[in-house]
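Take the sequences, apply the hints, and build the full model.
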Amino acid sequence: MACILITGCGSGLGASLATRLANEGHEVIATVRSLTHGKIQNSIAATFNSPKFIQMDVTNTNEVQTVFDEFEKHDKKLDVVILNAASYSMGTIESTNYEQSKQCFDVNYWGGVNVIRAVLPIMRRQLSGKIIGIGSISSAIALPCDGYYSASKAAMERTLESLRHEVAPFGLHVSNIAPASFGSNLFQSLPDELLESNPYSPLLKEWLANIKQNTNPNGIGRTEVEDIILSVISSNEPDFIYPAGAMALKVLSSLKTMTAEERTHAISTWSDTQWWSKANFKE
15 MACILITGCG SGLGASLATR LANEGHEVIA TVRSLTHGKI QNSIAATFNS
65 PKFIQMDVTN TNEVQTVFDE FEKHDKKLDV VILNAASYSM GTIESTNYEQ
115 SKQCFDVNYW GGVNVIRAVL PIMRRQLSGK IIGIGSISSA IALPCDGYYS
165 ASKAAMERTL ESLRHEVAPF GLHVSNIAPA SFGSNLFQSL PDELLESNPY
215 SPLLKEWLAN IKQNTNPNGI GRTEVEDIIL SVISSNEPDF IYPAGAMALK
265 VLSSLKTMTA EERTHAISTW SDTQWWSKAN FKE
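For any residue, its number in this note's numbering is found by taking its place in the sequence shown, counting from 1, and adding 14.
No lab work stands behind these hints, which were simulated from the structure alone.
You may find that some hints are simply not true.
As the list claims (entries may be wrong) - Across the chosen pairs, the derived CB separations fall in these ranges: (1) Thr278 x Asp89: 49 to 57 Å; (2) Asn212 x His179: 39 to 47 Å; (3) Ser248 x Lys90: 32 to 40 Å; (4) Gly185 x Lys116: 34 to 42 Å.
What the hints assert, rightly or not - Think about it this way: if two alpha-carbon atoms lie no more than 20 Å apart in a straight line, the pair counts; the simulated SDA-like pairs of lysine to any residue are: (5) Lys91 x Phe184; (6) Lys66 x Arg47; (7) Lys144 x Gln114; (8) Lys270 x Pro183; (9) Lys264 x Gln114; (10) Lys91 x Ala154; (11) Lys264 x Thr278; (12) Lys219 x Gln114; (13) Lys270 x Phe254; (14) Lys144 x Cys17; (15) Lys66 x Thr106; (16) Lys90 x Lys116; (17) Lys264 x Arg277; (18) Lys144 x Leu186; (19) Lys270 x Ser115; (20) Lys66 x Glu38; (21) Lys144 x Gln79; (22) Lys116 x Thr106; (23) Lys144 x Thr106; (24) Lys144 x Leu49; (25) Lys91 x Asp241; (26) Lys91 x Pro183; (27) Lys66 x Arg34; (28) Lys116 x Arg172; (29) Lys219 x Glu180; (30) Lys90 x Ile136; (31) Lys144 x Asp241; (32) Lys91 x Lys144; (33) Lys270 x Ile107; (34) Lys66 x Asp93.
Owing to the predicted nature of the structure, the values given are computational and were not obtained by experimental measurement.
Note that CB positions come from ideal geometry on N, CA and C, so glycine has one too.
What follows is the structure in structure tokens.
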């Protein structure tokens with residue numbers, strides 16, 4: 015069984031994935047920004063083999079380095095690192111304030127980079143290891159009100175793509191999971207000030223209402239995303255990009271062959287959180 019470290023395990027995919035991997039017999043180190051998160055205790059109580067929860071804010075370089083120094087100190091092997099910690103920034107490019115957009119990049123991009131830089135000396139020493147990013151199809155196309163989030167995911171995907179080739183000589187593997195949409199808490203804590211005294215308020219309100227409704231049947235379930243992650247963990251030669259679900263595969267495949275006009279049309283026909291189900295993608 016593998017030793018697996020997962021970031022962003024306070025709730026959502028991180029918490030459920032940590033529990034599932036632990037139940038399957040893996041040694042799981044589940045990192046959270048704060049150990050006081052209520053859902054952590056519920057997760058521990060519900061699992062047969064509990065993950066080990068530790069505090070690690072991915073934006074705090076000292077905290078990140080301290081965690082990985084413990085692996086070096088005890089000469090402990092680390093087989094897999096899953097970059098799951100995420101932050102969502104909803105809003106137009108003009109209306110989103112600096113702090114919100116910076117937080118998105120601090121967590122989604124620089125947080126991942128902090129973890130990567132800290133774990134690489136360990137994995138290079140081992141001559142083995144896997145780094146798995148939890149990305150999004152948003153890295154391939156940016157929608158209205160989604161610019162900063164899309165940009166942060168695109169930046170991380172390109173970084174992982176470069177990293178994949180840099181570390182291959184050391185026997186390391188790098189992959190990126192690209193879900194379409196699944197149940198997540200990312201969209202549930204959007205600031206009210208985005209909707210107040212804002213020239214883009216009608217657009218923001220419509221999108222927020224559609225996100226909260228989120229009833230489109232074409233979304234992917236969290237379990238399906240977990241299944242793909244488990245397949246990457248067990249693979250001897252994992253691929254780089256893993257579209258998570260049939261719809262993500264359809265979207266990413268279609269984007270590769272779209273003309274500029276078709277791409278513009280796809281973005282303009284966006285209407286809900288599963289916008290791609292409404293677009294005229296090529297079969």
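Inset, instruction - If any of the earlier hints don't hold here, list their numbers in rising order. - result: 3, 7, 8, 9, 10, 15, 16, 19, 23, 24, 25, 29, 33
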